[in-house]
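Assemble the whole structure, with the sequences as input and the hints as a guide.
There are 2 protein chains.
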Amino acid sequence: MTTLKDLSRHLNLSVTQVSRALNGYADVSEATRARVLAAASELAYQPNLSARKLVSGRSGIVGLVLQGTPASMTGDHFLTVIGGLSAEFSRRELQFVLHMADPEEDVIEVYRRLIDGGGLDGFVLIEPVTDDRRVAYLAQRGIPVIVHGRLFGGPAHAYYDIDNAEVGRVLTRHLLRHGHRRIAFLNGSPQRAYSEARRRGHVEALEEAGLPFDPGLHITASMDEKHGLVSAVKLFSGPAPHPTAVIASHLKIARGLVQGLSALGLRVPDDVSIVAHDDQLSDLAATGFEPPLTTTTSPIYDSWAPLADGLARLIAGAPIPAVQHTAAVDFVERGSVAAPRNERPAPRKNHHGDTR
Amino acid sequence: MTTLKDLSRHLNLSVTQVSRALNGYADVSEATRARVLAAASELAYQPNLSARKLVSGRSGIVGLVLQGTPASMTGDHFLTVIGGLSAEFSRRELQFVLHMADPEEDVIEVYRRLIDGGGLDGFVLIEPVTDDRRVAYLAQRGIPVIVHGRLFGGPAHAYYDIDNAEVGRVLTRHLLRHGHRRIAFLNGSPQRAYSEARRRGHVEALEEAGLPFDPGLHITASMDEKHGLVSAVKLFSGPAPHPTAVIASHLKIARGLVQGLSALGLRVPDDVSIVAHDDQLSDLAATGFEPPLTTTTSPIYDSWAPLADGLARLIAGAPIPAVQHTAAVDFVERGSVAAPRNERPAPRKNHHGDTR
DNA sequence: ACCCCGAGCCGAAACGTTTCGGGTGGAGTA
DNA sequence: TACTCCACCCGAAACGTTTCGGCTCGGGGT
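Chains P and X, in that order, are what the protein sequence lines are.
The numbering of the first sequence is the working numbering, which starts it at 47 and goes up by one.
The numbering of the second sequence is the working numbering, which starts it at 47 and goes up by one.
Hints in this document: simulated from the structure, not taken from any laboratory.
It cannot be assumed that every hint is accurate.
To be verified - Incomplete in silico selection of chain X near chain P, CB under 10 Å:
no.: 1; residue: Tyr91
no.: 2; residue: Gly109
no.: 3; residue: Gly129
Built from N, CA and C at the ideal position, the CB exists for glycine as well.
Here you go:
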């Protein structure tokens, strides 16, 4: 192992000066700096992280702590996430590591150990929940942390988030524009901030159109196929009037939904219009649906760079408000929306007076 | 952050003695040790890993370095692996981290940085290939590493492996015992040591029975459904004689195989007998097949503990030969093997004299 | 001639831990 | 009494780095 001392001996310089040359300080002549750099690469000098950390308090390592399988990323996608973050961090001269916490152990304790042990400089935190204890703990200790998603209420924190309210607004407005009035919303878990944000946008769009929000049409559950399937049955097998359109908060929900609708003999978009939000993480593709799904979309892999960037800046001392970024979402119209039935030439039956 | 100095002040003891008490040295009275332990837990003392590492050369962190998605663990299973290892290591007071290497970068360089930076004490290495450069590098530098699987040839290394030759032997013998003589073997990539070991066991069993090994019946490819499907077509759609039994090196191969056989109108086990090896990692279950598959099995999750254990011992100074463990495999007979067609009451046709 | 200033360099302290080589005091032995 | 021995304890050095304060040297201004 080459150390600074080795280099300084080799170059007839003081350890101090070698260190300063390597770290880009001003008071070292260009000639010296060049010599030092050459020697460093020749001797394959690698700064000792432990020593550096000991004195400077920085290890250059950031991490992601997981306890149990994160809901959003089943399958291969998980490696995509880790790989994406890892690549972005190494681009910024930071090491990124994943730590799986023992499910038995209090995760706060894990963070404490990791921090006090002097190991990690900062954290990426995914899938925050309301009143997230981890965020609270890290904020209180002043440890740099950037959250993928956002917490409302609780301590201020750095985050990268997409404009979830806009997701709700855009999707709802699109359906309204096509004449839909009874719109169901298959949303994610109410525990999660993004679900609430999307609901808010949804309600706003309804209000713009002078329509009331019907809580009975807003169903929250974990974002999986089951949610879509179960909700389809709930919404469309009961007594009329049924919704004429459905918003799915995730492609997986949409998938369960179309399966359910198909089993109930309902066609998309003739009988029911569907829109969804697409994070482009799952192996489902909006274009793989029949018909292709009209969606808002914001590729989750667009978030690695801002997350890494944000955490790097945080560690470098940036104030929290400077590291809060909300990304816009795209809207892509495909073939899963049509005008509702009752807007089109009405079928003859059921034609007796409706005096309401 | 509580330091040793804080504790020593608090207790009116020297830093030395506190350290020794905490680390279980003999020359500290039980009374003192108890006091120290109490104070440590009261003040939430956490040894500073960087400082410890700096002087002792140990960080207590071990890692797994991955470059690209490992072939064997698609899907959720990946987290199972990481989680399993992580849990076992933390049980042994070691932190386990995952590092995803930039696919662009030489992975050796990544190891070098990790080691010279003073970060990691040792590594788990999965999916070794023949003449694995990583193993060679780590061995040459004397860095503790335990391999999941085994390399033949190359430097000696610590490993945990299953008895793959036995897999080949047991599976082949079982088929032989049922009267099969033309046995195909859908094996894994020839790059991988386990494939070769299984082939060896296979050949041995054949030789025991006085049968020659037919290279035309041994097909190697990556262990996925495609392999099974493609090989099924290759083996059973060409000119007779076809094999009467097939060994699949993985449940995924078996799955592709049964799909292919079914498409070709062949039934298991009436027309073709199948056996496979089951690592119990994939979401496929041997009992989920129709008929249930006769398999050798060695749950991959049985390997976390021995791997963690081995690496821990290696770091503690155990010699490499003491950390080489080959685990036995189980054999479970289910319903996918029958006697071959020509051993059963022969159909009438094709009955003219065969004088050979 | 004097002082000042900046460029370039250096010594030493500090970070928190482990560990080596002692030290002290009291009990046991001759 | 004088010695040894053991149980228990301590000071100081070391690990490799960063950083604070200060040093020297030569050139410019007055």
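We went through each hint and held it up to the structure:
| no. | hint | result |
| --- | --- | --- |
| 1 | Tyr91 | 9 Å, holds |
| 2 | Gly109 | 7 Å, holds |
| 3 | Gly129 | 5 Å, holds |
Of the hints listed earlier, there is not a single one the structure fails to meet.
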